[in-house]
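So the chains spell out like this:
There are 2 protein chains.
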Amino acid sequence: MIRLLLLLSLAGALGAQEITSKRLIEADREPHNWLTYARTYNAWRYSPLDKINRSNIQRLAPVWSFQTGDVEGGLQCTPLVADGVMYISTSWNRVYAIDAATGRKLWHYIYEKPKNLGVPFGPWNRGLALGYGLVFMGTLDNHLVALDAKTGREVWNVAIEDLAQCGCNITGAPLVVKDKVIVGVTGGEMAHRGYINAFDAKTGRHVWRFWTIPGPGEPGHETWEGDSWKFGGASTWMTGSYDPESNLVFWGVGNPAADFYGDDRKGANLYTDSVVALDADTGKLKWYYQQIPHDVWDWDSAYESVLLDLEHKGQKRKLLLNVNKGGYVFVVDRTDGKFVSAWPLVQNLNWIQGIDEQGRLIGRNEPALGKSSFICPSVGGGRSWNHGAYSPKTGWFYTTGIEWCQTVVPQKEEKVEGKQIMGGQFEFKPPPSGEAGGHLGAYDPITGKRHWIYRSKYPLLASALATGGDLVFTGDPEGEFFALDAATGKKLWSFMTGSGHRGSPVTYAVNGRQYIATPSGWGSALAGLLPQIWPEAEYFPSGSVIFAFALSEP
Amino acid sequence: MIRLLLLLSLAGALGAQEITSKRLIEADREPHNWLTYARTYNAWRYSPLDKINRSNIQRLAPVWSFQTGDVEGGLQCTPLVADGVMYISTSWNRVYAIDAATGRKLWHYIYEKPKNLGVPFGPWNRGLALGYGLVFMGTLDNHLVALDAKTGREVWNVAIEDLAQCGCNITGAPLVVKDKVIVGVTGGEMAHRGYINAFDAKTGRHVWRFWTIPGPGEPGHETWEGDSWKFGGASTWMTGSYDPESNLVFWGVGNPAADFYGDDRKGANLYTDSVVALDADTGKLKWYYQQIPHDVWDWDSAYESVLLDLEHKGQKRKLLLNVNKGGYVFVVDRTDGKFVSAWPLVQNLNWIQGIDEQGRLIGRNEPALGKSSFICPSVGGGRSWNHGAYSPKTGWFYTTGIEWCQTVVPQKEEKVEGKQIMGGQFEFKPPPSGEAGGHLGAYDPITGKRHWIYRSKYPLLASALATGGDLVFTGDPEGEFFALDAATGKKLWSFMTGSGHRGSPVTYAVNGRQYIATPSGWGSALAGLLPQIWPEAEYFPSGSVIFAFALSEP
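Line by line, the protein sequences are chains A and B.
Those letters in the first sequence? Residues 0 to 553, per numbering that gives the first Met the number 0, in order.
Those letters in the second sequence? Residues 0 to 553, per numbering that gives the first Met the number 0, in order.
Just so you know, the hints here were simulated from the structure itself, not pulled from any lab data.
Keep in mind it's a predicted model, so treat the numbers as computed, not measured.
Be aware that a few hints might be false.
Unchecked claim - Chain A stretches covered by chain B per the calculated footprint, using a threshold of three residues with CB under 8 angstroms from any CB of chain B: (1) 51-64; (2) 67-76; (3) 100-112; (4) 229-243; (5) 540-552.
Positions of the beta carbon are idealized from the N, C-alpha and C atoms, including for glycine.
Same shape as in the complex, but just chain A:
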């Protein structure tokens, strides 16, 4: 008990300063911390820390590991770090606070999951949010909980919607904006109507809800045939960005349901496959940009929205870059949602022939009902959700991409509220010419001009991290965690962690020492599909470990 108290007081001392809205807005001024999902509201996943750099990375070695034991479903989180304390979430909604310098556990929180929890896909969780002395997590039964950051004690716990009713849950990290916690929901493959919710951070009181499918009488409702709007998916399963200047939250919206069969939901199906810009205080829609009207390929726009202030055609522009699951990257003006550019992330892409200068899709290749179509990329995505990183030093966007295809057979399925409705069957296939595989590239964010590409045998399904040390980190499905030269893509360093990478690496500092930390733990629905192309992937070892690296003494 004495020891427990000591640990608690240590946790208190380490994470002593409250994380305010001001700190979150100015998160970039705290290079030693990683306070929010993508470190900064602009979703860059970049840290200016540069003590670990190209000249000394050969001395990078593990300094501690933290094993969670929660190996089911992969370790998919982004660790958060605040003033020497690391916070991670694992499968089954467990949360751990760890001394970020030593790897010693400070506290843990085990969510008491309801009995007979019917989880649509798997038990993973992708991350937490911090603010006001609390740690926020969405749960597998669609609750939002707030924990005391110093003790792990549950402070509040609010139910959003009954899992049995909606077939949806929360796996994405919440986003704290000002005095609110904003959180999305899964359910893109379910007969469900999606939404984004905001709660008062201190009390858990519900503040606003934005329905990602307009209801009767609302603009856009006419883009859904009949009652299809009630069951159209439009999930919001990842984490949005925030622009304090305009007070807008940008959130990506997933595919319409049924995924591959669209005849029951004729119309553009707003706001599926769109980025929506919402007023952070009210949740009111400011603008939207729909990348793919009437999606019949299961191409979510739910991934990160990277906020960039760049010069384009001689003008300073406030831009938003969003990676679509279909393998195209869309860039829009984030003040009004107007199209700027789109560029393909993968070579194997045949669901359209191209995108015109107004952002319109050219030559849609829609799979026909009951027939087998060969579509590239596969429904696993031209990229999975794992995030890219933007370095202001190079001005380049670093992101993974996957070369693979599939056969898909659309089917009409019975629609039952809260039940899965994929609208077809698929099977992953290698591309017709060349090998299936993954890559990580460095791209001009507006034009997509590729500066270099690092190719890997298997899809890279972990996020990228870019640092001021001119390094880009990510990991592979076999367990290798590695660093590339941000300028050339040359592999400079690697460490075999022994289980595949599916989460998001971060960097931080404690007492002036820079650390790189990565989750390592293979799993996820997509990981389970890899054997369709690579049979040996069935036996990639699972695991659940955080590795922290630092420079060994010279």
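On the provided structure of chain A, position chain B as indicated by the hints.
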């Protein structure tokens, strides 16, 4: 497929030389390898490798990790290393071959366990044996299997006894001796008659069985009252030693059943709590030494038998040191089993007052039927099975010990063949004076003179490793893996692996580079009992990772 073939041929190249009986007998001449459970037949757990030593250990850092994902029950194995290939076993009888320099998996083997497998305690496995191109493992359903060392393919698989019948299984590592594989069995808490079996290594043909309880007409049968010999336990759950000179195998035998209630089995209960010396070719008993006649405390003698050639009282002696679970270390002459010395490993020990110069127990403190007695150490042991190490450089034996006690209430229970029969209930308690805790000490093997002691808050439940670099390695239940100065016990280095240590670290070399490797993964029956004294131990994280360490470049 091409990759698979490459891996297989790599495995073939790495582990190319067949492991013969000659190589096993002369295992000490291969400093780069760890060919058998304790590296050498004398159970020293010592390697002469000295490139990692007191002067440079600050540069020791992880170079790879291997996650097994098999987190249930703890990672309890001793990794074996043969010519660049590491072989490990995990819970549920999985086997992995790993490139010992890079941590890349070469092959895996998943034992197809029978449905409805009723495992008496847990799914762990403590290790493998190598020989003749094969990898040997005992299974949870009491089979012995042989795998092709180059591919992991099952070559033979023999059933020993039906688990449902015996309530016993195999968790200990087999021992290859000459052309045979010798293996023990669990079942000390079961109404079962124990044995040791030998099989032909190449074919799996059964060669001999030694019953650890003498049958009718055999010497020692009279030490069991009535039919108690049929159900007396006498398990052989750990791994023995071998002396090529005398061709004797030395194997420790566990407690009699029922553990705490002995009135149904009056007599000395041979060969429980004994070390038996068997002819390796025939399994015939050469001698035995019973440490504890008629045990009523559950004090196994099943732990390691360390073979030592030492001068004692002016004479060169061939000795055998065996650590009894009751906290006493017994030393006998290994040519005839005659008592030489005994010394206590722990301070808190009240089940006897002492041991006289003939090895007789003085002042037995037997718990009384139906009454609560306070006994030290606890049934967890003055030490658990995790092994000590002997360094020929210092001449000292390094072993852990535990200071803890228990209340125990003996009870008469119904005896049902193959079912558990503990004969009482226990609850762990701190010692009456002073704190419960663990330690690792350096002892004169014959006199028990303590040269130093390193104390730890929690019991140390991992084996010790002694090296030519004058280092002693072990790990703690919270996940710290550390090295002590073999001469002084000073802690020189540590690394937090993030899950507790319950297995056995080893050292080896590939291409001239020395590695230290340790299993890290908390679990086991005993781990589950720690919260009786340390409530926080309920939340020590589980895991299952091999960490390999080497010196970073200077």
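Verification of the hints:
{"no.": "1", "hint": "51-64", "in the structure": "holds (count 7)"}
{"no.": "2", "hint": "67-76", "in the structure": "holds (count 3)"}
{"no.": "3", "hint": "100-112", "in the structure": "holds (count 5)"}
{"no.": "4", "hint": "229-243", "in the structure": "violated (count 0)"}
{"no.": "5", "hint": "540-552", "in the structure": "holds (count 9)"}
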